[in-house]
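Sequence order for the protein chains is U and Z.
Just remember that the working numbering sits 35 ahead of the position in the first sequence, which is counted from 1.
Just remember that the working numbering sits 128 ahead of the position in the second sequence, which is counted from 1.
A portion of the hints provided could be inaccurate.
Computed footprint of chain Z on chain U, listed as stretches where at least three residues anywhere in the stretch have a Cβ under 8 Å from a Cβ of chain Z [as the list claims (entries may be wrong)]:
#: 1; region: 83-97
#: 2; region: 136-147
#: 3; region: 209-220
No lab work stands behind these hints: they were computed from the structure.
Every residue, glycine too, gets a C-beta built ideally from N, C-alpha and C.
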Amino acid sequence: MTEAALEIDALSYGYGRGFAIEDISFRIGKGEFTALLGPNGAGKTTLFSLITRLFEAPRGNIRVCGINLREHPTRALAHMGVVFQQPTLDLDLTVRQNLHYFASLHGIGRRDAANRIDEALDRLDMGERDKEKVRQLNGGHRRRVELARALLHRPDLLVLDEPTVGLDVPARRSIVEHVHELCRSQGMAVLWATHLIDEVHADDRVVVIHKGHILADGSVAEVNQNNSSANLTQTFHRLINQVAA
Amino acid sequence: MSSAVHYGRALNGIVTREVLRFLHQRERFLAALVRPLVWLLVFAAGFRAALGVSIIPPYETYITYETYIIPGLVGMIQLFNGMQSSLSMVYDREMGSMRTLLVSPLPRWFLLTSKLLAGTAVSVLQVYAFLLIALAFGIDLPAIGFVTVLPALLLSGLMLGAVGMLLSSTIRQLENFAGVMNFVIFPTFFLSSALYPLWKMQESSVLLFQICSANPFTHAVELIRFALYAQLNWESLGWTALALLAFLGAAIYGYNPARGFMPRRAQAE
Numbered sequence: 036m037t038e039a040a041l042e043i044d045a046l047s048y049g050y051g052r053g054f055a056i057e058d059i060s061f062r063i064g065k066g067e068f069t070a071l072l073g074p075n076g077a078g079k080t081t082l083f084s085l086i087t088r089l090f091e092a093p094r095g096n097i098r099v100c101g102i103n104l105r106e107h108p109t110r111a112l113a114h115m116g117v118v119f120q121q122p123t124l125d126l127d128l129t130v131r132q133n134l135h136y137f138a139s140l141h142g143i144g145r146r147d148a149a150n151r152i153d154e155a156l157d158r159l160d161m162g163e164r165d166k167e168k169v170r171q172l173n174g175g176h177r178r179r180v181e182l183a184r185a186l187l188h189r190p191d192l193l194v195l196d197e198p199t200v201g202l203d204v205p206a207r208r209s210i211v212e213h214v215h216e217l218c219r220s221q222g223m224a225v226l227w228a229t230h231l232i233d234e235v236h237a238d239d240r241v242v243v244i245h246k247g248h249i250l251a252d253g254s255v256a257e258v259n260q261n262n263s264s265a266n267l268t269q270t271f272h273r274l275i276n277q278v279a280a
Numbered sequence: 129m130s131s132a133v134h135y136g137r138a139l140n141g142i143v144t145r146e147v148l149r150f151l152h153q154r155e156r157f158l159a160a161l162v163r164p165l166v167w168l169l170v171f172a173a174g175f176r177a178a179l180g181v182s183i184i185p186p187y188e189t190y191i192t193y194e195t196y197i198i199p200g201l202v203g204m205i206q207l208f209n210g211m212q213s214s215l216s217m218v219y220d221r222e223m224g225s226m227r228t229l230l231v232s233p234l235p236r237w238f239l240l241t242s243k244l245l246a247g248t249a250v251s252v253l254q255v256y257a258f259l260l261i262a263l264a265f266g267i268d269l270p271a272i273g274f275v276t277v278l279p280a281l282l283l284s285g286l287m288l289g290a291v292g293m294l295l296s297s298t299i300r301q302l303e304n305f306a307g308v309m310n311f312v313i314f315p316t317f318f319l320s321s322a323l324y325p326l327w328k329m330q331e332s333s334v335l336l337f338q339i340c341s342a343n344p345f346t347h348a349v350e351l352i353r354f355a356l357y358a359q360l361n362w363e364s365l366g367w368t369a370l371a372l373l374a375f376l377g378a379a380i381y382g383y384n385p386a387r388g389f390m391p392r393r394a395q396a397e
């Protein structure tokens, strides 16, 4: 078993009376691409908010590269790159200004940041657009900038909450392929929350979540085999329908 | 990299971002100046005859009404800026960019205090631009006051920004922000010494006088008033500092991931 980039252990969280997620446990090894697959309202964004410490769970533990998030939040967050579902760039600033701002939050010096920004933008074919205001970019390009931003501090774990929402098919495909490539080439662990089954590759690991519970966890082949399904779409619908029944 | 270097770079980045945003939004800069200038050039001119101001500290002679309300208008700039920052935080939260700040590998109290400092830096720029325009219109201010007022501006700006930050942690949606105008800004401004000395208020109503005396904004205005004349009002300093600690503490609590208002707001969303 590879060293863990993210370990979630018996995590529960509720709003008011009910649980949004209940007793969730799973781990992601370094260099592993894991798709967190669930329909809308499954608890993906709540889980995402707990992993990024926007919320803090009263029960359960989260460890990032072995560091307990509750006990050492700043050390744990330093290992994590985050892409939110909502756009989070400052529309009135240029691409470069946005990235410099983020680099400063991670304590990266100006010269080092400039080099990393050049490198990240070139990798995403955005090198020519660094002086444009974010407001002038289309949705796909904004997403690329957000991805570049999440990678600036060279994290061990990249978490993305439905990062392709609102993008057209080519832009979606481009982002999905790029993150898979990063995972392969840089050994980065990825947690990719989505409700779109076609974003999951055959060699990915998949965690299916619904109504705050994990319904399946394993490689795509394992999950399909355990549910006697021919493909992930069938597995997914079967699992969701079982809960509904 | 040491923690101090990291903190310094982050603070620099947060302040730079806020100043850049401010410079990119020229209409915001103009609006910030037009509001107090209208009060100074129209309202004060109209009320000059009606409202006589006796000699009260820190003034050593009779002053015009325009001179009297300058510290109040400086406070008004900072009050509106504090609320503007609050509005921008609610907007940032709805738009998501506040999340980028909150998931940074730095303590939340530091991130929020840095955000507060950044907003204060912007308000200080606005105040100096206003004071220069007031000078051009013949308002008499001692030159040394431009230097001695700076610490007072920083403290009052932080205090009023902390009020805004606390509000931003409780407001669920951008649409609710209009209520802040009616229930926070106007009472805060009018129930203070910004437009009239408190002894005049005492003549009209003892209750209103007591409310004005307890208003932290009154103390911020008086701190600025004395500082503009190179004097220190210890009482105002103490109350303003105390109010800053209380509002900042409550705001940090409001943004605490385990105990504060944010998860409750998420539930509402």
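Hints, one by one, checked against the model:
no. : hint    : in the structure
1   : 83-97   : holds (count 7)
2   : 136-147 : holds (count 9)
3   : 209-220 : violated (count 0)
Violated hints amount to a single one, hint 3; each of the other numbered hints is respected by the structure.
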